[in-house]
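J.: Chains as they are written, first to last, in this note's numbering: chain U, 162 to 431; chain V, 77 to 390.
Be a bit skeptical, because a hint or two may be false.
Said to hold, decoys possible - List time: in silico DSS-like cross-link candidates among lysine-lysine, alpha-carbon distance up to 30 Å:
| hint | chain 1 | residue 1 | chain 2 | residue 2 |
| --- | --- | --- | --- | --- |
| 1 | U | Lys240 | U | Lys291 |
| 2 | U | Lys291 | V | Lys376 |
| 3 | U | Lys279 | U | Lys344 |
| 4 | V | Lys380 | V | Lys369 |
| 5 | U | Lys291 | V | Lys369 |
| 6 | U | Lys344 | U | Lys240 |
Simulated from the structure, these hints should not be mistaken for laboratory data. Quantities reported herein were computed from a predicted structural model and do not represent experimental measurements.
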Amino acid sequence: MTEHNTSTGQGGVRVQARSLGKSYGQRRVLQGTELVIEPGEFVAIVGRSGCGKSTLLRLVAGLEPATQGDLLLDGQTVKGLNEHTRIMFQEARLLPWRRVLDNVALGLPESGQAAAAKVLEQVGLGDRQKEWPARLSGGQRQRVALARALVHNPQLLLLDEPLGALDALTRIEMHELIENLWKANGFTALLVTHDVQEAVALADRVILIEDGAIALDERIDLPRPRSRGDARFAAIEKRILDRVLQREDPEPSVDTSWITTPASGLRWAI
Amino acid sequence: MTSLNTTANDLVDKVDLFLDIAPPENERDRTLALAQLAAAEQTWAVNIPSSPIDWQPLLNFLGIVAKRLLPWLVPLALVIVWQLSSTLGWLSTRVLPAPLSVVDAAWALAESGELWTHVRISAGRALLGLAIGGGLGLVLGLLTGSVRWLETLLDSTIQMVRNIPALALIPLVILWFGIEESAKLFLISVAVFFPIYINTFHGIRNVDPGLIEMGRTYGLSRWGLYRQIILPGAMSSILVGLRFSLGLMWVILIVAETISAQAGIGYLTMNAREFLQTDVVLVGILLYAALGKLADVFAKGLEKYWLRWHPGYQ
């Protein structure tokens, strides 16, 4: 991924999972996962809810220990939280009692205020520094959360469905913002989402997790910035979505053979 | 123009008349009314020199003034009736002294400095008790709220002791401490301990775990987490506890001082009772009320400042 050589951050980290597994008691959430993410790569993980995609993200973040296998960042086993990894959560998780700028500067030394103000400028909220989070819209809160993650110059940014609660227009704006900041900073990005379109719009690779295992690993070779109206974009999106929904026939063709089948021979999904 | 001015002057007189019945602290309202009138006058002069006067702004304004004065009407009337019945001799001063003599008594006590000494002693007592009991409640609440094994160890004991009303302890307290200062401090401390303890405990337990997880991933130390996330998150609950405690604090103080005291508002009133000085007794009662109100205003002020981020307190 040398195309992101305009990097101003510390570059990306290489993520490697080796027969990674996680169980909660008797319940196996993830098993035998093999995965390599190259430095600076943008990978999206899709899957139905409860498939284990968020668990994988939490393991990479070091929020929870794996029960099997290894997880390596640049060859180093993940043991707990890592200062070069930052997470954007589903909810913005801003501290409501701190003003926007102080939220971005969370965990920074006193001297970090200037850097925080600069990143806040980058996410387009430079004029809202002194605002309380309660006064921001959902999209603005996620921008603040993004700024808070980026001010640490992370080598790995984990995005746990951060745009799930936003409206469609705000989401598209956020996609552009995330893509541009990723290009500028060169970090490795791992996005968990249930929105296939979002995954195709942003990621170099889309990975599908089903029943705790990787079921699909597809490279998206569309040029950036990607246009959602593009025919190839639509085709890729449809193919992955069909796979997620486990539709038998990936090639869209009209099957009329069922018409001759008596009703008793059909299985109804009611 | 001249006719307009005369009408406006008439209006000024009307406002004056209306406000005459109001207590003198409404001087500001009056000034405001006059200022508004002057402004209105100018607007007429400039904009509609020959049209009939627009009464609406003035009527609206008078409506607002009336609305603000209305709640004071009944208390004012009561005080007037009370004063009249005392003056006319319908009400014996042994039952209730006239409002004016209460004011006189308060003035005399304030002038001699006696009032301030007693207020200082009572308030000092209350605040020291609050500091001891509330401080202990805060520290223990923080500990049991944050450390599991301490909760297991202490919480059920504290919940059991909580069911004993502080005032039920009075006979025991007199046996232990006599009727000295420490007895009063003990009673106040015990009473204010529980509201602060319980609310601190629950405040800490109700801090959003998502925020704590976020803080951990952003590299906050344990102390950083505590100071930047857990404490501020528990603050609204802690302040609720404080307000409860402040209310209890005055009640217990009054009871404790009434039982026995060598100084303080309770002493002042009990002493006055001996000499049938009902006016001084009433001064004492009003002082308690004023101190209670002051404490509540203070607690509200703290809420307004510390919870200014909260949409509910803006």
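J.: Mind checking the alpha carbons of Lys291 (chain U) and Lys369 (chain V) for me, to see if they're no more than 30 Å apart?
T.: 34 Å, violated
J.: Measure nothing beyond the straight line between the CA atoms of Lys380 (chain V) and Lys369 (chain V); if it is 30 Å or shorter, mark the hint as holding.
T.: It holds: about 16 Å lies between the C-alpha atoms, which stays within 30 Å.
J.: Holds or violated: are the alpha carbons of Lys279 (chain U) and Lys344 (chain U) at most 30 Å from each other?
T.: With a Cα-Cα distance of about 17 Å, the restraint between Lys279 (chain U) and Lys344 (chain U) holds, given a limit of 30 Å.
J.: Below or equal to 30 Å on CA atoms is what counts here, so check Lys291 (chain U) against Lys376 (chain V).
T.: Status holds; Cα separation ~24 Å.
J.: Do the alpha carbons of Lys240 (chain U) and Lys291 (chain U) lie within 30 Å of each other, as the hint requires?
T.: Given that 30 Å is the threshold and the Cα spacing comes to 37 Å, the pair is violated.
J.: Compare the distance between the alpha carbons of Lys344 (chain U) and Lys240 (chain U) with 30 Å, and conclude whether the hinted pair is satisfied.
T.: Within the cut-off at roughly 28 Å; holds.
Violated hints for the displayed structure, listed by number in ascending order: 1, 5.
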